[in-house]
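Q: So the chains spell out like this:
Protein chains: 2
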Amino acid sequence: MPKTPALATDCIIRDGAGRVLLVRRKYEPFKGVYALPGGFVEIGETVEEACRREVREEAGVDIGALQLVGVYSDPQRDPRGHTVSVAYLVRLPGEVTPHVGDDAAAAEWVEDWRKHALAFDHGQILADAEDLADTLP
Amino acid sequence: MPKTPALATDCIIRDGAGRVLLVRRKYEPFKGVYALPGGFVEIGETVEEACRREVREEAGVDIGALQLVGVYSDPQRDPRGHTVSVAYLVRLPGEVTPHVGDDAAAAEWVEDWRKHALAFDHGQILADAEDLADTLP
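Chains as they are written, first to last, in this note's numbering: chain A, 1 to 137; chain B, 1 to 137.
No lab work stands behind these hints: they were computed from the structure. One or more of the hints may lead you astray.
Calculated Cβ distances over 12 Å to all of chain B for the following chain A residues [claimed, not checked]:
1) K26
2) R91
3) G123
Simulated crosslink set (PhoX-like; lysine-lysine; CA at most 25 Å straight-line) [as the list claims (entries may be wrong)]:
4) A/K3 / B/K3
5) B/K31 / A/K3
6) B/K3 / A/K31
7) B/K26 / B/K115
8) A/K3 / B/K26
Coverage of chain B stretches by chain A, computed from C-beta distances (three or more under 8 Å per stretch; other residues unrestricted) [as the list claims (entries may be wrong)]:
9) 4-16
10) 41-55
11) 65-71
12) 74-81
Note that beta-carbon positions come from the ideal geometry of N, C-alpha and C, so glycine has one too.
Only chain A is shown next, with the shape it has when bound in the complex (with noise of 0.2 Å):
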């Protein structure tokens, strides 16, 4: 198989009140720092399951149906080397409590997300997740 860049997963999980739940990044890049919850997807899973076995190991909760929101590929978009990252978009209620796990330092649903430094393109993504739902039913 030739080389190709690694990729990886993050998922925008929001409340019917427009919260969103990020983590606090544990180590570097962008260590302590807020993001959606995601990282690498490992060969022999689906994209849609890695999505989903990163937010439960990260944030603690299950996740339903996943909403493709796009595929980020610029080769500088994370300081470790070229990943391509999937989003997808999920709705969750605003009840449930995310649980920390050992890969974050926090998980919370953030009320605005624009006020707070994002790690890589994360915000970018965030902007096009909220793009793609005022289009949703």
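Since the structure of chain A is already known, use the hints to place chain B on it.
A: Relative to chain A, chain B alone:
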């Protein structure tokens, strides 16, 4: 960087009459069979750039705006190993004549792709792309 599935891209090119531009594969797997133009993403290029490059290399045409169709990641979809493909839809005038490149055995407009055997999961990708095309203005 962790080892993740290989990353590829495939392109659904339709003309105004619903014809689809397909290539015949020059190499195994699926040698001689119709397939969407596409291939592996190189480190340092975006997925969109890879899509345009592969279409140019295999079918000799330049394509414009790409519309994301889906991300196909079943671990069994490529017999060579776990390969995730990002599929894009593009519209091209039917008067454009493809010119087969070194990496393909043929490149041609196909009237009804449902009448032919297709490589990989390209039948599913084409069906999804048609559904998407029906929703576009």
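Q: Are any of the numbered hints broken by this structure? If so, which, sorted upward?
A: The structure breaks none of the hints.
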